[in-house]
Each structure stands twice: as C-alpha cells, then as structure tokens.
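2 protein chains.
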Amino acid sequence: MGYSVAILGATGAVGSEFLKILHERNFPISRLKLLSSARSAGKKIRFGDEEIIVEEANEKSFEGVELVLASAGSSVSKKFAPIAVACGAIVIDNTSAFRMDEDVPLVIPEINPQDIKKHKGIIANPNCSTIIMNVPVWPLHKVNPIRRIVVSTYQAVSGAGAAAMAELQEAAKAYLENRPFTPTVLPHPPAFNVFSHDSEIGEDGYNLEERKMIRETRKIFHTQDILITATCVRVPVMRAHCEAINLQFTRPISEHEVREILSKAPGVRIVDDRERNYFPMPIDASGRDDILVGRIRQDVSQPGGVGIDMFVSGDQLRKGAALNAIQIAELL
Amino acid sequence: MGYSVAILGATGAVGSEFLKILHERNFPISRLKLLSSARSAGKKIRFGDEEIIVEEANEKSFEGVELVLASAGSSVSKKFAPIAVACGAIVIDNTSAFRMDEDVPLVIPEINPQDIKKHKGIIANPNCSTIIMNVPVWPLHKVNPIRRIVVSTYQAVSGAGAAAMAELQEAAKAYLENRPFTPTVLPHPPAFNVFSHDSEIGEDGYNLEERKMIRETRKIFHTQDILITATCVRVPVMRAHCEAINLQFTRPISEHEVREILSKAPGVRIVDDRERNYFPMPIDASGRDDILVGRIRQDVSQPGGVGIDMFVSGDQLRKGAALNAIQIAELL
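Protein chains in written order, with my numbering: chain A, 4 to 335; chain B, 4 to 335.
This is chain A alone, in the form it adopts within the complex (with noise of 0.2 Å):
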C-alpha cells in the first residue's frame, strides 16, 4: 500500500536526498520512477534493498504517476509539471519556476500549511535561503509582527548542485598543492574564497537569490508590508547555510522572549552557549533537520528595544530543499 511516486532530478544533490528522506521517513510507496536526463539515464541508484534504473524524462513519464519531487532545474519543471499534472499526479516542485504564481501555493509545513490546499495540482517549495530564515522568524512574527529584515547569509555550494560540491572538493586539493585551478561550475574559485551569489543581478542591484528571499517570505507570511533587504554570499562549506539576521519588530521585545518562543517553535533548536562559545555551525546543521539558532541578542542599535539578531544555521539539502518537500507531501 502507498503511492506511485516520480522523482525528477533523481541523481542530483537534492535527488539523493529525497530518496534518503523517503526511506529515513518511511513513506509510503507503492511504485517509485526515478527521472533524469538523457545524460544520467541508466544509472542504477540504491533504495533501500531495491536497485532502481534511471529512465530520461520523457512526456509518458508520469502515467498513472501519483505524486512527483521535482528538483532538475527551472525549465525541467516548467515543461515537465504541467505534463505530469495532465496526467493526475500532485507535483512538489523544488525549482523557483512556480514560486510565485497566484496559483500556486508556496509553502513551508512549519508556517502556512494551510495553503496547500488551495493547490491545482502543482504546490512549490520555497527556496533554501528563504526556508531557513524562516523557520525561527515566523514563530515570533506571530506573536510581534516583524517590520524589517535585514539578512546576510553563508551560503554552501550544495545549493549549486552537486557538481559544485565535487568541485569545491577539487579546488580546495588543488590550493592545498599549489596546483592552479580554475572552476567550470561556480563562476568563481570556491576554495579558501567568498564571493557575491552566483546568480542574475537586476536594475536594482539586487541578485535573483536576494529577490527570492525578499517576495517568497512575503507570499509565505501573507503580507506585504514586511520590507526586507539581503546580501546572498557563497562561503566554501558543503551544504549547510548561515545567516545573520536583524530584525526590527513592531513593540519592543527582549532576547528572553525570544528565546521562549524559539523553544517551543517547530523545526527549530536553540543552539546558543556563550560561555563555551558555541552556536550554530555549518558542521552541526549539516544532516540535520532542525534550523539551529543562537547568538540570539538585543540590537543595541535599535532604540525601544525592538530589535533582535540572531544567527542561524540549517542543512540546505534537508530542510532547505528535500524535507521541506516531503513534509508537504505528509501533509497532503
């Protein structure tokens, strides 16, 4: 007993970590399609006792498909999801291609669950960044509506794909021996480097990943008065993202409130001793499914004592990506 399920873009970074998901979760599956391109078709990928071949994505993929994790890029699921749910599957899609349609529904299981069900067959799932500010932002909007963000991240490569992630590996040998080493998949030297997020920028200035961050937490939270501004940074560590994040909320609250409300809030784990110096880091988010939080402190900037920083730290596979997906496909 369970579901005909589809995974499109099942050899990619977030492809292996649905099918990890999947088994870890025990979901339940009746029959599971593995997709990809024509390039990874073939493959033979391992679930649970099973061996599964890779087939290419073709428009009679999705027969008697019931639901489908899309995460093969944009313009995979902009011609692949309508197909799919011609075809009568749900799809969870992981790539921005319909992220902000009125259609719809955006969603994060811990926030606006609620929105799912106002799905036509396709419900999106948020971007990594916007994920995990999120988790522990919305608890306290809840109670103190949040009038402005202003957020740095530390991304990881994994949100670039796999291949980024191989080639941060490379890149990180070749410095070490003082080899050169000149990247073919991110557009600048990943290792012992930072630089700017590697995607479009606009007439404002803006890269696609700060807009994402900006529009999406507003269609999430239902409300377009809250104003946000982000500065998206790629750090060389493999698949878990930090952010710093200021926050000005509408009355003044302190660190303990905060606090509180964090520790009982769903998805999130305070991580947040100052005496040893410890908070949250990449190597203990990675893996895990909790955003972990700390550095949570008074914005001694903010008169009224109405503003919070905090930073935090979640697995941009897991919940960034792959969880997020699969717990809305729990709750369908």
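These aren't lab readings, by the way, just hints derived from the structure by calculation.
Cross-link-like lysine to aspartate or glutamate pairs, in silico, EDC-like; alpha carbons within 16 Å at most: (1) Lys-176(A) - Glu-173(B); (2) Lys-36(A) - Glu-58(A); (3) Lys-23(B) - Glu-54(B); (4) Lys-121(B) - Asp-104(B); (5) Lys-176(B) - Glu-180(A); (6) Lys-36(B) - Glu-66(B); (7) Lys-23(A) - Glu-54(A); (8) Lys-176(B) - Glu-173(A); (9) Lys-176(A) - Glu-180(B); (10) Lys-267(B) - Asp-293(B); (11) Lys-46(B) - Glu-58(B); (12) Lys-47(A) - Glu-59(A).
In this text the structure is predicted, and so the values were computed from the model without any measurement.
Put chain B on the given structure of chain A with help from the hints.
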C-alpha cells in the same frame, strides 16, 4: 639615515607583514630590532639583503629605539609599551591594549590623521574589521551623516594569527583525506565550516570583536551618535575579510552618489561589475592595499531612499593591521 625601529612580535602573521611593507615602501630605517617571546628568539629573519636574529623582548630592548611597531598580543603591549615610551620611543600598537584610552589616539590615516598629534607616546591601530569597514564608510559619512550601521562579517583566520592560518590548511587537508581533525588553535573546526567569532561574549550577547567595531568606530569618527550592530563570523579564508554593510543615512542618497564619492576616496577601489557578477572577493583583496567595495545598491527596505547596501573585502594583515600602522608611522 633613518629611524631606529623595533618590531615587537616579529615572528607573527602581522610581524611578517610589517617587514614586507617596510621593505616595499622603503621606510627609512637606520637600525631594525626584531623582538619576540623566548620561544621564537634566535630565529633568523630576512629583511632585504640582511639577516636579522630575533631577540627575546625584555625591559632593556627599547634603549635607543625611536619607533616600535607592536603586534604581539594585548598583554605584551601592556607590559612593554610604557617601557618603550619611557625610553623615548613612539609605539604604534596593533593590539587592543590601549585603543579606548582617552590619552591614546586611535587612527585610520584616511579618516582622522589629525588625531595623531595628540599622542603621548602611544598611538593605537584599530581592529582589522573596524578599519576595513570604515575606510569606505567614512567618506560617505562626511557627506551625509550615517545614523545606523548593520554589519555582518566574513572574517579570515589570519586575525587569529599565523598558527590559525596553518591550522586551516591542516584541517582542510584532513577533511579531504577523510581523517579526523581536532583544532588546537581555533575553537572549532575551521575547514568547510563557519563559526561565530572566537572572542569573549559579554553580558549583552555581543562578542568582543563586535564591541570593538562599535566602540572604535565611534572614537575614530568622533561621534557617539552613530548606531551600530555587528555580527562577527569566521569563514574558511586565509587572510582577507569581507563585510556585508547596511547603512542608514540622515538624508536620501543614491547608489550613483555613493559610487561618485567612493571613486575618489583614498584607500578604496570599486569592484562592482553586475554583468559579469564580479564583486569584492578575498582572493582579489589578499596582498592588496585598497579596500574593495561592490554590491553598491539602494536598500529596498528603507523608505525614503536613505539606505544603502554594500559588500567589501580587505586584506586583514595589510590594511587591517600592518599597512595601517606603517601609514601612521609615515604620517609621524
């Protein structure tokens, strides 16, 4: 013809940079003494064509010395700086020992060179993150006073010394070879990781590095009115810091105006190519004197056009430490 100079902490990361820059800039030296702790005494260090033997610093080391460049830690400066001053030397101190003393000028030559005149023997070099932020922030502040700064740092390990730089390389090597690695210099595994700055946390939740950025900026700018919050974070980078800086001005300011002002500012180089997605990076800032500034854009979260976001990168060992100190010496 020249000055009798002593370097206190000659074998450290900043010490090596002092030697390199003194040589590059042809600083007039009649006699050069290299001082260190007992552990490093006896080492031979090349300076130009000479080889100089490092001596253990003691109370008699400063007789006949006219200029001391100190970067051997706060407690070493506290002990030896007054002795050197009593011997008639001027001490330019790169540690935090005297920075907030009322009698000690805290100087960034591009900002407050006039403060040097008030010295009573000791002149303090600001914290590296403070210098890197303020070289580009000051010329903007002069034209349109800044009310508030929200800054998040991406700090290289060089700030923790030469041993930390070696440790990052060792840690990266161990990671790539799948060997366990326990750091002994830095408090957390530095490779493929990010962690909150390794300085003491105060009761208000800010760490010492953050408090330095706040207090030192106010002293250098000669104003207590500027509101600042900072989140200081270490990233796996060798020797150049980055900072995401969010500014609130008194009056509206356009990104065009900011670019105009910064294109003429001393010590600043604009690196802001949106089409090529090319912005300030540690690999470009390393070994350079200028602070690189890019991602200059109007902050969409501040009504009335009073907000600007930007991203900077500067060499922590050069402008963040040794170069700034030698520029002070040149002014003297």
